[in-house]
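Asker: Listed below, chain by chain, are the residues.
Number of protein chains: 2
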Amino acid sequence: MPRYDFHSPRLFVDAPLAAGQRLALDAAQANYLRNVLRLRPGDAVLVFNGRDGEWHASLTDGGKRTGALAVGEAARAQTPPVNLHYLFAPLKQARLDYMVQKAVEMGASCLQPVLMQHGQIARINRDRMRANAIEAAEQCGILTIPDIAEPIAFDRMIATRDPSRLLVFCDEAADVRDPVAALRAARASPAPQPLAVLIGPEGGFAAHERAALLALPNRVRLALGPRILRADTAAVAALALVGAVLGDWRDN
Amino acid sequence: MPRYDFHSPRLFVDAPLAAGQRLALDAAQANYLRNVLRLRPGDAVLVFNGRDGEWHASLTDGGKRTGALAVGEAARAQTPPVNLHYLFAPLKQARLDYMVQKAVEMGASCLQPVLMQHGQIARINRDRMRANAIEAAEQCGILTIPDIAEPIAFDRMIATRDPSRLLVFCDEAADVRDPVAALRAARASPAPQPLAVLIGPEGGFAAHERAALLALPNRVRLALGPRILRADTAAVAALALVGAVLGDWRDN
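First to last, the protein sequences are chains A and B. Take the first sequence: its position 70, counted from the start at 1, is 70 in this note's numbering, and no numbers get skipped. Take the second sequence: its position 41, counted from the start at 1, is 41 in this note's numbering, and no numbers get skipped.
It is possible that part of the hints are untrue.
No copy is singled out in the list; a pair is fine if it fits within one copy or between any two copies.
Said to hold, decoys possible - With a Cα cut of at most 25 angstroms, we get these calculated SDA-like pairs of lysine to any residue:
| hint | residue 1 | residue 2 |
| --- | --- | --- |
| 1 | K92 | A185 |
| 2 | K92 | E138 |
| 3 | K92 | A27 |
| 4 | K92 | N218 |
| 5 | K92 | S8 |
Think of the hints as simulated: they come from the structure by calculation, not from any bench.
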């Protein structure tokens, strides 16, 4: 597969992308390219919009506060996103920022906050989550911005769950001797299956929440090793195992 | 295994630990317990020193700026650390702090900065690394503080390497179709083996560094999925896979 150069300036835009197009930059984008990255007219940028793949572009002339991009050739075709929902109990802001960025790097296609009994946070700023998701995608060469779902109550998540989506939930109380074997046993077929990974609050699942999860069909309960992990660490660890055993890490 | 309560105040101390002992707190520890956590005389704390396991203790009377702990009963016996060295190209400070904390959570027994051609940072603050390691161990119920090694030049790391320690190095240019199978193939025996995980700089390995790594015996070259990961994300992902396939995640 084409490998992405970590150090090319890369910008998410909303507009459709095609060769020859001119993209007006908003004030934040112009500031980022001209004053943070110190690009000059003619300098190269990669742009993507989550739908039309990645394109070469160059900065065109403009004042300090505005600017535009001229879109040139296609760089990479849009890749189909992994069908991987990341469900999590919201954290306080700085660690939530970090967790969102990490989930995007790990390829989540949807970020779903779930309100649970022992969670500490009930309100989240979806705009800020989206800004963090865009930043992570820009920095890591990812072509799709995940959906940022409205927070949902745990009971409603259980009631509305699609049973064809394998749910992997991480529970430090699980007596799992081999997490790779547990995931492998859940592989329904060699074809990719829709996946969801749930990381609970750092206070742990409430007893009725654990019971509801265990009663679900098509689920895997996983312990992530013998040490307790912070929720943002558990996110990366679980998404790595799921990616490697069930996701798209096997075809790269 | 005994599970750790995430929310107990937990303090690393240097002194030997035994029942009935009195531990004088230094100014920073006293400030943390009395003014940050707002504990009062008689309140419970868990203490550990990396050697003698974990002990129940309680705050004894004292002024605002000093204090002492009375050590009571043993809480957990010292566990043997995993023999897992984490080798990494130093990052800039905030992300290095984070990476150190994550490596401790993931059970690394030694943190070894390695200076590589495309690394951006050559000097590191070992005291700050140690403070971050202690903080992560305190927060996550870990009983051992990893060694913080002096930075070492890449060539010297290669020249002085113990060939009996399996080296897993993460290289986004690797053509690995199944990272779990690659790790499993490197399992020498069912017994635990000494392990090392190397995460290179975000600029990637230089050609001569990659060649030197590939020429080593007892090494595994691993790609961590089809997306590019930041170095601190790659650390958690790699340590999760290594823990699950070769480390101590299988016995918990």
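Asker: If a hint holds in the structure, say so; if it does not, say that too.
Answerer: Results for each hint:
no. : hint       : in the structure
1   : K92 / A185 : neither (35 angstroms within a copy, 41 angstroms between copies)
2   : K92 / E138 : both (24 angstroms within a copy, 20 angstroms between copies)
3   : K92 / A27  : neither (29 angstroms within a copy, 29 angstroms between copies)
4   : K92 / N218 : neither (31 angstroms within a copy, 43 angstroms between copies)
5   : K92 / S8   : between (31 angstroms within a copy, 19 angstroms between copies)
Checked against the numbered hints listed earlier, the structure breaks hints 1, 3 and 4; every other hint is satisfied.
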